[in-house]
Amino acid sequence: MEDLTSHLDRSQVGSAIGPEPSDESLLGQFANGDAMAARLLTDRLGPRSFSVALRMLGNRSEAEDVTQEAMMRLWLMAPEWVPGQAKVSTWLYRVTMNLCIDLRRRKRPETVENAPEVQDISASVVDQIQDEARSDALQNALEQLPERQQQAVILRHIEELSNPEIAGIMDISVEAVESLTARGKRSLATILAKRRDELGYENG
Amino acid sequence: MADDNELENLFAQARQESSGMPDDLAVRIETDAELVRLKRLKAAKRPELRAWRKVIEGIGGLRVLGGLAAACAAGIWIGFSAPAFLPDPANLFLPQEATFLMAELNLDTEYLEGTE
Numbered sequence: 001m002e003d004l005t006s007h008l009d010r011s012q013v014g015s016a017i018g019p020e021p022s023d024e025s026l027l028g029q030f031a032n033g034d035a036m037a038a039r040l041l042t043d044r045l046g047p048r049s050f051s052v053a054l055r056m057l058g059n060r061s062e063a064e065d066v067t068q069e070a071m072m073r074l075w076l077m078a079p080e081w082v083p084g085q086a087k088v089s090t091w092l093y094r095v096t097m098n099l100c101i102d103l104r105r106r107k108r109p110e111t112v113e114n115a116p117e118v119q120d121i122s123a124s125v126v127d128q129i130q131d132e133a134r135s136d137a138l139q140n141a142l143e144q145l146p147e148r149q150q151q152a153v154i155l156r157h158i159e160e161l162s163n164p165e166i167a168g169i170m171d172i173s174v175e176a177v178e179s180l181t182a183r184g185k186r187s188l189a190t191i192l193a194k195r196r197d198e199l200g201y202e203n204g
Numbered sequence: 001m002a003d004d005n006e007l008e009n010l011f012a013q014a015r016q017e018s019s020g021m022p023d024d025l026a027v028r029i030e031t032d033a034e035l036v037r038l039k040r041l042k043a044a045k046r047p048e049l050r051a052w053r054k055v056i057e058g059i060g061g062l063r064v065l066g067g068l069a070a071a072c073a074a075g076i077w078i079g080f081s082a083p084a085f086l087p088d089p090a091n092l093f094l095p096q097e098a099t100f101l102m103a104e105l106n107l108d109t110e111y112l113e114g115t116e
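Read top to bottom, the protein sequences are chains C and L. Quick note: the first sequence uses the working numbering, first residue 1, plus one each step. Quick note: the second sequence uses the working numbering, first residue 1, plus one each step.
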């Protein structure tokens with residue numbers, strides 16, 4: 001087997017073949033035996049799958065496993081992909097989210113022993129701590145949202161996907177996406193309002 | 001309630017944090033892809049084996065093929081060395097008249113041989 005770590009310069013490969021090939025075209029190339037196509041797809045789609053999984057699960061290790069599994073399903077289904085039926089990224093987002101939901105339903109609730117310890121705060125790192133606190137607060141708030149609202153908010157406001165694309169991923173209408181994101185944002189605002197002081201926002 | 005700006009700031013921070021993925025995860029994903037690719041290439045390189053497999057499966061599998069081979073072997077054996085209670089297979093195909101003709105030919109041959 002060839003050395004998997006000996007990566008070619010991917011940016012050069014992309015520019016050498018002219019305009020960037022579509023995800024669908026790369027998937028077809030991979031199905032026909034092109035190893036470089038898999039590397040480019042990994043670079044493009046892996047971070048998106050990982051980002052969504054991390055937001056949905058709030059756990060890096062689990063998010064990595066979910067991303068690997070979602071990408072494995074992509075490799076396996078490559079020969080059966082029907083061109084034009086959907087965007088590859090849409091398919092991957094849907095698989096990733098379903099894997100996250102399955103995992104979360106199987107998982108036990110987080111115990112107190114597993115929760116991260118609160119660290120001492122020194123004055124020199126107040127800003128950094130505040131950033132982390134805000135990040136944690138958003139993550140905690142997202143995890144309190146109903147499942148569908150959580151998915152819609154993550155895809156719309158963190159992944160910055162369009163409403164029609166989210167509708168395709170979640171298999172619902174665009175109007176339903178708008179409703180879910182609006183309700184999700186309102187719920188987030190309410191949850192986060194209770195933590196305004198610790199997040200460094202002034203009450204007003 | 002947190003206002004829209006505060007919420008938007010939190011989303012923006014989350015977007016910054018979520019760019020990229022761990023290098024070792026990329027290696028794991030690419031290794032999976034390579035294994036799938038090599039397995040697929042290996043399968044594609046043996047089309048004649050797959051064709052034979054399809055023929056055998058079409059007949060009914062290896063067991064049926066074995067039965068078929070045994071039946072053929074038995075038929076050949078009976079053709080060459082029929083048991084006493086069965087008629088001679090040669091007589092079934094060669095009519096009686098043909099046997100006479102053969103005998104005449106033999107006589108002619110004997111005649112020629114006798115002249116030498």
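No lab work stands behind these hints: they were computed from the structure. The beta carbon of each residue, even a glycine, is placed where N, CA and C say it ideally should be. Among the hints, a few may not be true.
Claimed, not checked - Label pairs and their computed distance ranges (CB to CB):
#1 C:R148 x L:L41: 37 to 43 Å
#2 L:G66 x C:P79: 54 to 60 Å
#3 L:D23 x C:V174: 55 to 61 Å
#4 L:K39 x C:G84: 23 to 29 Å
#5 L:R46 x C:E143: 32 to 38 Å
#6 L:G20 x C:N32: 25 to 31 Å
#7 L:G60 x C:R60: 32 to 38 Å
#8 L:L41 x C:D136: 18 to 24 Å
#9 L:G58 x C:A182: 22 to 28 Å
#10 C:P146 x L:G58: 37 to 43 Å
#11 L:V55 x C:P146: 16 to 22 Å
To be verified - Chain L side only, calculated, beta carbon under 10 Å to chain C, not exhaustive:
#12 E57
#13 I59
#14 G60
#15 A74
#16 W77
#17 I78
Find the hints from earlier in the document that the structure breaks and name them by number, from lowest to highest.
Those not satisfied are hints 2, 3, 5, 7, 8, 9, 10, 11, 12, 13, 14, 15, 16 and 17.
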